[in-house]
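There are 2 protein chains.
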Amino acid sequence: MNQKDPKIPKIAVIRMALYAKHLGLLDNQGIRVVSSVELADLCGVNPAQIRKDLAYFGQFGTRGLGYPVPELSLSIKKILGTNRIWHLGLVGVGNLGRALLRHSQFAEQGFVFTAAFDLDPQVVGTLVSGVKVSHVDQMKRMIRERSPFDIGVLAVRPEEAQSVADRLKDSGIRAILNFTPMVLALGPDVYVENVDFTVRLHLLCYSMTHGSDVTQQHPR
Amino acid sequence: MNQKDPKIPKIAVIRMALYAKHLGLLDNQGIRVVSSVELADLCGVNPAQIRKDLAYFGQFGTRGLGYPVPELSLSIKKILGTNRIWHLGLVGVGNLGRALLRHSQFAEQGFVFTAAFDLDPQVVGTLVSGVKVSHVDQMKRMIRERSPFDIGVLAVRPEEAQSVADRLKDSGIRAILNFTPMVLALGPDVYVENVDFTVRLHLLCYSMTHGSDVTQQHPR
Chain A
2 MNQKDPKIPK IAVIRMALYA KHLGLLDNQG IRVVSSVELA DLCGVNPAQI RKDLAYFGQF
62 GTRGLGYPVP ELSLSIKKIL GTNRIWHLGL VGVGNLGRAL LRHSQFAEQG FVFTAAFDLD
122 PQVVGTLVSG VKVSHVDQMK RMIRERSPFD IGVLAVRPEE AQSVADRLKD SGIRAILNFT
182 PMVLALGPDV YVENVDFTVR LHLLCYSMTH GSDVTQQHPR
Chain B
2 MNQKDPKIPK IAVIRMALYA KHLGLLDNQG IRVVSSVELA DLCGVNPAQI RKDLAYFGQF
62 GTRGLGYPVP ELSLSIKKIL GTNRIWHLGL VGVGNLGRAL LRHSQFAEQG FVFTAAFDLD
122 PQVVGTLVSG VKVSHVDQMK RMIRERSPFD IGVLAVRPEE AQSVADRLKD SGIRAILNFT
182 PMVLALGPDV YVENVDFTVR LHLLCYSMTH GSDVTQQHPR
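Going down the list, the sequences are from chains A and B. So for the first sequence, my numbering puts the first residue at 2; every next one is plus one. So for the second sequence, my numbering puts the first residue at 2; every next one is plus one.
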């Protein structure tokens, strides 16, 4: 198994994350074995693709017997680095931030909010979904002294996005899940994933307007 | 201009949506002209890529003078089909659904919630962010009689996702923005975009664990 092989395409890793999610959901349902056809169907890809993607990372399952769900789930989590709890720190406890703190999907997949930050004196000091909201001016000190989280989750207003991201980077945070519409300029030391609802909507509109599917999910 | 040219790669359309978003933000700030270098920087791509992507759709801007922001913004919106208001219908008025109804980014980019549905008798009949919540059993009739929206926004529990998506399709809805972790099986008549936070988190974890960037946003 050689996860750092430069010949592993990014898209294969992205699909591994999709397989991990669906194997986790099957595992939670107590399902022990899944065929490559069934798993492919759940993930919206074809079975040959799954076999090809897995082959980048090793030998999994036995031909004709399907994949053992808990074992494959754990193997893929090890490859992804998600066979452990990752701690999240939210910045921006507005409507969206609150919804994220309360969203059950995070914890179910091993992502736990352990810190939250805001500016608003009405919000600072309150508990949301069991997480105490601290003032954003305390963030750097808290991260440096106690490393309360691994990944910063950005749900601030667009105009604050870059400056808050800079503060996260300056405090030593290396990964940001960005819910703002801004593209962050942070250099190669910080990994950023953007969750942009409106770009996705534009693609639905293009598909409907032109009758030409540019969405990411292939029809099933 | 030939938007249906099969040689236009999907990824070019996806980037056009990104350009549309940033040109819209610049336009809102009253900025009249942007160089390809500045626009590229905002979008996190290189200037040659923007020129190449735009060339699929026509001739825009004058070399050396930059792009006229309002004109290019409108041209790209016309290409994407987003030079009009699109109406959204939310299904699932929980924490996330409420946050989406209140999220200013949608309306700022021409996406307006005009209907919302839930099962919970405590929620049905209430107003959230000016939108009246109807019972999900009224959905099909409302869509068939009044076509209150173009795009269904799915924020229900995972176990309800497929059945609600089936009801949207059965009612004539052709596009779904899916906030559940499930991959929907709807066939080629419905366009689906998935907004999956946890897959994005898995990719951040892989990048941090292996020191190998598999995120979508290239470092800036």
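Treat the hints with care, as some may be off.
Remember, identical chains collapse to one label, so a pair may be satisfied in a single copy or spanning two.
Computed cross-link-like contacts, DSS-like style, restricted to lysine-lysine with a CA-CA straight-line distance of at most 30 Å [claimed, not checked]:
(1) Lys141 / Lys8
(2) Lys11 / Lys53
(3) Lys8 / Lys53
(4) Lys141 / Lys53
(5) Lys170 / Lys53
(6) Lys8 / Lys133
(7) Lys11 / Lys133
(8) Lys133 / Lys53
(9) Lys141 / Lys11
(10) Lys78 / Lys53
FYI, nobody ran anything at the bench for these hints, they're computed from the structure. If you're wondering where the values come from, they're calculated on a predicted model, not measured in any experiment.
Going through the hints against the structure:
no., hint, result
1, Lys141 / Lys8, "neither (38 Å within a copy, 49 Å between copies)"
2, Lys11 / Lys53, "both (13 Å within a copy, 23 Å between copies)"
3, Lys8 / Lys53, "both (13 Å within a copy, 27 Å between copies)"
4, Lys141 / Lys53, "neither (43 Å within a copy, 42 Å between copies)"
5, Lys170 / Lys53, "neither (36 Å within a copy, 33 Å between copies)"
6, Lys8 / Lys133, "neither (44 Å within a copy, 52 Å between copies)"
7, Lys11 / Lys133, "neither (36 Å within a copy, 43 Å between copies)"
8, Lys133 / Lys53, "neither (45 Å within a copy, 48 Å between copies)"
9, Lys141 / Lys11, "neither (32 Å within a copy, 41 Å between copies)"
10, Lys78 / Lys53, "within (18 Å within a copy, 38 Å between copies)"
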